[in-house]
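S.K.: Here is what each chain is made of, one letter per residue.
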Amino acid sequence: MDLLSTLRIAFRALARNKMRSVLTMLGIIIGVGAVIAMVGIGQGADQTVQRQIANLGSNMLFVSSGSRNLGGLRLGWGATKTLVREDVAAIVRECPAVAAAAPGTQTSAQVVYENDNWGTRITGSTPEYFDIRTWDFQSGASFIQDDVTTAANVAVIGDTVRKNLFATTDPVGKTIRIGNLPFKIVGVLVAKGQSPAMSEDQDDTIIVPLTTLQKKITGQPWLRFVMVSARSRSGSYAAQQQIESLLRDRHRIRAGEPDDFTVRNLADMADLASEASKVMTGLLASIAGVSLLVGGIGIMNIMLVSVTERTREIGVRMAIGATEGDVQQQFLIEAVVMSLIGGAVGIAVGVAASLLIAATAGWPILVSGTAVAGATAIAMAIGVFFGYYPAQKAARLDPIEALRYE
Amino acid sequence: MNIQETNSLPGSALHGTQSNQDEVIIRVEDIHKTYQLGETHVHALRGVSLEIKRGEFVAIMGASGSGKSTFMNILGCLDKPSSGQYLLEGIDVSSLDKKQLAGIRNRKIGFVFQGFNLLARTTALENTELPTLYARVDKGERHQRAIDALKMVGLGDRIDHFPSQLSGGQQQRVAIARALVNRPSILLADEPTGNLDSRTSVEVMEIFQSLNEKGLTIILVTHEHDIAQFTKRNIVFRDGKIRRDDAIARRVHAAEVLKTMPVLED
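So the protein lines, in turn, are chains Y and B.
Counted from 1, the first sequence has number 404 at position 320 by our numbering; the numbering is strictly sequential.
Counted from 1, the second sequence has number 780 at position 225 by our numbering; the numbering is strictly sequential.
For the record, the hints were derived by calculation from the structure and aren't laboratory data.
Hints should not be assumed to be uniformly reliable.
A few chain B residues facing chain Y, derived, Cβ under 7 Å [to be verified]:
no., residue
1, N628
2, L633
3, D634
4, K654
5, A657
6, R660
7, N661
8, F666
9, N672
10, P686
11, L688
12, Y689
Below 27 Å or equal to it, Euclidean Cα-Cα: the simulated DSSO-like pairs (lysine-lysine) are [stated by the list, open to error]:
no., chain 1, residue 1, chain 2, residue 2
13, B, K608, B, K653
14, Y, K477, B, K635
15, Y, K300, Y, K268
16, B, K635, B, K796
17, Y, K477, B, K654
18, B, K653, Y, K477
19, B, K635, B, K663
20, Y, K258, Y, K268
21, B, K769, B, K787
Idealized CB from N, CA, C, for every residue including glycine.
Modelling step: build the complete structure from the supplied sequences, incorporating the hints.
M.R.: Here is the structure:
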């Protein structure tokens, strides 16, 4: 029998038991819908994390001074005093994969403006810091190189600090006190939000010239960290290696001795996050896959019922010339049609769910073509796989017995 | 057997079957059929031999358990004999595989059942078309053949009716049209009047008679003597063997019987 006639017969058979067909398809609908929605959620989450990591800075690497072992007393990160400003200059000069580098050191302090005060992180750095972190100003601008040279009392504040100390007035030009020192605010940074990699509020910060912090507040001439931007994302691994070997050389660390610094690569973090969300997506999709399996079993069940109900019809078809192949094809097509319709509706449901979730969570809308194509293929495969046994059972019927069946 | 050459079926349904009127269409030689029922062997047929020529109209009779149904199933290529030979139009059917048997059933045999066995919620036309689907006939020709077959049984005006909208007699006529649509060599009818009232039974027999007049070979199984009287030859089975094989001397003409029967208005 030709495919078109077989399809027509299949549709008619399904239409005969509408409720039953719909309920059977429901398993596939839920399964396919869940797979697509889950993959969409996973990929949406992944893109969001990637975007947040990119938000930290462009192709950024983070060099921090390392831990230190003082005769059994092990001090934590940032305890060594070996990372200095000259290292930063050397990194820029000697590492070809590096575009820019900014030194940094950090402390926390209480900040006062008129009647308000706020405890926050004070970072000392150079104007490159804002470029490397691709951080724009909502008002004012960065301090300049001269301010670093002269250890000027100027400050750039983050959005959280602005909210806590200034509410509505424009802070640029105002003077705050950090500890006992007055600082003139020259710029206010735009909000960056929570850092996904360091899990801290990036906007709760004040940035002052490195020298000002070192000389007037902490009194420590060494650096806590260096922020580096690589020339490209793919170049960030090369940059990491160049920095590591340069710093080992400069710090005179012999082969076999551990580094007194740590280089963290944002590309690494992004890959790690990506890996994590892939695992998550896979997990969610396989849970959804289970409901596809259950849906397939539902199809098989209904097809078996259908074969039994239509035993007589099968007998008649065989008597008038249907071959085993014809009968098998008829029932197989019926199962496939059912699973494909279920798959199509499932895709619609899954896409709708993805859009809804994306809209609610503020994620990029992600409907993966692969997931849709995959779901269709899976639905088809389920129809064939779970339809095969009932179809086989129908085809193997003895026409005489089938004709006599009541 | 004196079928007149001029009385061929109209249209295309049976063209080509009129040549060679003495041709043996069915030859059965010493057929045995044994079923295994648990420990015991059941001998349904114990050596049946028979010849049927083209254009015959045969009634096969016998009590239940006489082997007539088994014999019909073998004639219809639904079953195979345990031993013996069955030649249908010279083809040794007992040597064919399942797929080839399906092809034989499709093209050479038309089945009419007691319970009509039409597909529900399927129009008369589509029911009639069904064998042509399995014969992979072109769509246009499929339609034409089905319409011709329905006209032949007097249902040309009911082609879009569903079985549930048709009387028993009309349903059986659709079933006959379905059996004819692939221009078979023989028509096998298994108790075709078993579910019909007496007037409708005679009407169906009238159709069979007129088809037979036009050259179609018909074999029908019945246990009603009245029905058997409309055929030309009666074969009686008993205990798996042919007990009697008689030509009907004074065949009853259904058309004339109908004239004497009251028309039931209900």
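S.K.: When the structure is checked against the list of hints, which entries are broken? Sort them ascending.
M.R.: Those not satisfied: there are none.
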